[in-house]
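Novice: These protein sequences, in sequence, are chains A and B. Its first residue numbered 1, the first sequence is counted upward by one per residue in the numbering used here. Its first residue numbered 1, the second sequence is counted upward by one per residue in the numbering used here.
Think of the hints as simulated: they come from the structure by calculation, not from any bench. If you're wondering where the values come from, they're calculated on a predicted model, not measured in any experiment. Beta carbons are placed, not taken as given, at the ideal position from N, Cα and C, and that holds for glycine. Some hints could be false.
[To be verified] Covered stretches of chain B, going by a simulated chain A footprint (3 or more residues, C-beta under 8 Å): (1) 1–9; (2) 170–183; (3) 187–194; (4) 200–206.
[Stated by the list, open to error] With beta-carbon atoms standing in for the labels, derived distance ranges: (5) B:M118 <-> A:K240: 54 to 64 Å; (6) B:L170 <-> A:S126: 22 to 32 Å; (7) B:E205 <-> A:G114: 17 to 27 Å; (8) B:W241 <-> A:Q226: 55 to 65 Å; (9) B:S299 <-> A:S17: 42 to 52 Å.
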Amino acid sequence: MNNNFILQTKDLQKSFSGIIAAENINISVKEGEIIGIIGANGAGKTVFVNMITGYLKPTSGKIHFLGNDITGIKPREATHIGVCRSFQVSQVFMTMTVKQNLMIAMSLSKKKGGQLLLPLEDEKLSKECDKILDLYKIKKQGDLIVSTLSQGMRKLLDIAMAVVGNPKVLLLDEPTSGVSVEEKFGIMDIVISALKKSGTTVLFVEHDMEIVERYVDRVIAFYQGQVICDDTPKKALKNKKVIQYVLGS
Amino acid sequence: MFKGILKDQSVQTSIGVIFILLIFGSFILPEWMSNNFMYGMSRGLAVLGLMILWRTNLVSFGHALYYGFGAYAVALCQKFFGVTDILLRLLIAVAAAGLLGFALGFILRKYREIFFAMLSLAFSMVLYGLLAKAEFLGSTDGMSISPSTFFGTELGRIALFNFIGLVVILAIIFAQAYLRSSLGHLTTAIQDNEIRVEYLGYSVEKAIHIKYVISACLAGGAGGLMAASLGQVDPDSMVLWSVSGELVFVTIMSGLGNILAPFIGAVIFEFIRTYAFEWAPQAWQMIIGGTLLAIIFFSPGGLWSLFQKLNFLRKKNNE
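From just these sequences and the hints, can you work out the full model?
Specialist: Here you go:
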């Protein structure tokens with residue numbers, strides 16, 4: 001494996017009871033890149049994200065992160081080494097307030113061992129939390145219970161919770177799905193600018209080609225569990241296979 | 001962990017209420033009533049343990065396992081080592097139940113919902129079977145416990161009552177400090193979304209295990225104090241499934257809203273049971289069942305939610 005890449009996969013494969021969901025996936029990601037992963041439903045995009053972040057164990061193949069083999073690690077181990085994610089359906093704590101959600105995320109990323117027995121609500125953490133809420137434009141909603149928020153707000157919170165651990169690689173699974181047309185560019189502007197500032201490498205699964213064209217450096221297209229194109233957005237979106245199997249026109 | 005804990009409103013209220021109970025129970029109320037307070041406060045420790053678990057949506061139908069284990073640990077230490085000091089008895093009960101909880105926690109932390117509940121029950125019935133058959137432990141007759149001492153001086157009923165009150169206050173302070181900590185907040189977080197907790201980098205199983213051991217320690221302490229108060233331990237009144245059922249009953253009746261609720265609920269339960277026995281000796285269970293039905297139908301959040309509603313109405317009227 002080449003150490004110039006932050007993340008590399010080698011012949012990655014995942015099958016469920018003989019049905020192949022992902023096959024021969026060889027991808028190399030440079031530090032700081034923003035990559036869009038596209039493909040029709042069932043193309044293997046989320047399976048790929050799930051394998052990288054430890055939710056699914058690959059049937060075969062290898063995943064290397066900063067030169068180390070991380071194949072089959074557990075989700076919390078992925079988080080510890082700096083591979084974090086957000087979800088297609090926001091995974092937040094619905095009965096808690098926005099601020100409590102973020103405070104828990106920050107607390108778990110900053111405190112270790114016995115420090116976790118210290119009160120959650122401490123002044124320093126609270127101030128840091130307010131800054132992040134402000135950055136993600138959800139400070140006004142800080143005291144609201146998450147279940148009362150719009151999908152867009154929940155997505156922002158979900159992403160903010162993934163980011164507070166200062167990930168080296170962040171995988172976003174359909175960050176704008178379920179978000180209104182009016183909200184989606186706003187959300188992506190906030191998220192991408194925040195992540196660019198921190199130099200985080202981002203891979204995001206997306207169906208919306210306007211979003212892909214506008215925000216990514218590189219596109220990886222999936223079809224039937226395989227990578228059919230890996231190129232710049234301009235070239236990828238004109239690629240015959242992408243047009244035929246992904247864009248459908 | 002305990003920084004600023006005495007400024008916490010729940011802790012302040014709890015300490016105030018327990019002090020009032022201690023003063024009334026020690027100097028004003030008749031013996032049978034202060035005994036009910038004593039039993040209620042002891043049992044309340046086990047209910048507090050169940051409440052901590054319940055906040056993660058984990059209901060244990062077998063917590064009498066730890067309650068009984070703590071009680072029998074006190075009895076065995078008296079039998080084999082002559083331990084009668086109340087402080088030692090309490091520490092032994094808590095440590096024995098905690099160790100058992102730590103060992104069984106490795107199995108239970110993998111289960112959720114009905115499987116968690118029934119597995120707890122299964123373990124408690126195994127202990128019940130062992131105790132009921134073991135002649136050297138008194139079999140179904142159980143074992144008697146001699147009066148407790150404190151640094152060599154025999155403790156009277158009132159002194160024991162006050163000691164239990166003090167233990168309850170310390171347990172409340174500890175439990176509230178835990179619940180307001182980052183680890184304690186995972187209680188609700190795990191209930192809401194286990195996947196997210198894992199992706200925040202913390203092991204859900206580990207968090208549940210810690211919670212389970214805390215809960216076992218509290219139940220063990222409750223059993224140890226009950227053994228010292230009653231002067232008797234036996235499988236039917238300490239480990240049988242119906243004892244676990246009573247603890248679950250009191251948890252539902254109390255509600256999960258406040259750290260004091262388990263103790264208020266447990267004391268009220270003692271009084272309901274006493275009066276039910278007196279009014280309908282042949283059908284007292286019917287009164288207990290009716291009470292539970294009334295709680296579920298009219299105040300599903302438990303007695304504490306009634307206090308909250310009353311408080312809300314009072315504030316509204318003042319406005």
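Novice: Next step is simple, just say for each hint if it's right about the structure.
Specialist: Cross-check of the supplied hints:
For the stretch 1–9 of chain B, the stated coverage by chain A holds: 3 residues have a C-beta nearer than 8 Å to a C-beta of that chain, and at least 3 were required. Counting residues of the stretch 170–183 of chain B whose CB lies closer than 8 Å to any CB of chain A gives 6, which reaches the minimum of 3, so the coverage claim holds. Only residues whose beta carbon comes within less than 8 Å of a beta carbon in chain A count, and the stretch 187–194 of chain B has 5; three or more means the coverage holds. For the stretch 200–206 of chain B, the proposed coverage by chain A is satisfied: 4 residues have a C-beta within less than 8 Å of a C-beta in that chain, meeting the threshold of three.
The hinted window of 54 to 64 Å between M118 of chain B and K240 of chain A holds, with their beta carbons roughly 58 Å apart. The hint said 22 to 32 Å for the Cβ distance between L170 of chain B and S126 of chain A, and at roughly 29 Å that hint holds. A beta carbon spacing of about 19 Å between E205 of chain B and G114 of chain A agrees with the range 17 to 27 Å that was offered as a hint. Remark: the range hint 55 to 65 Å for W241 of chain B to Q226 of chain A is upheld by a beta-carbon distance near 56 Å.
Distance hint check: the CB atoms of S299 of chain B and S17 of chain A are about 49 Å apart, consistent with the given range 42 to 52 Å.
The earlier numbered hints are all upheld by this structure, with none contradicted.
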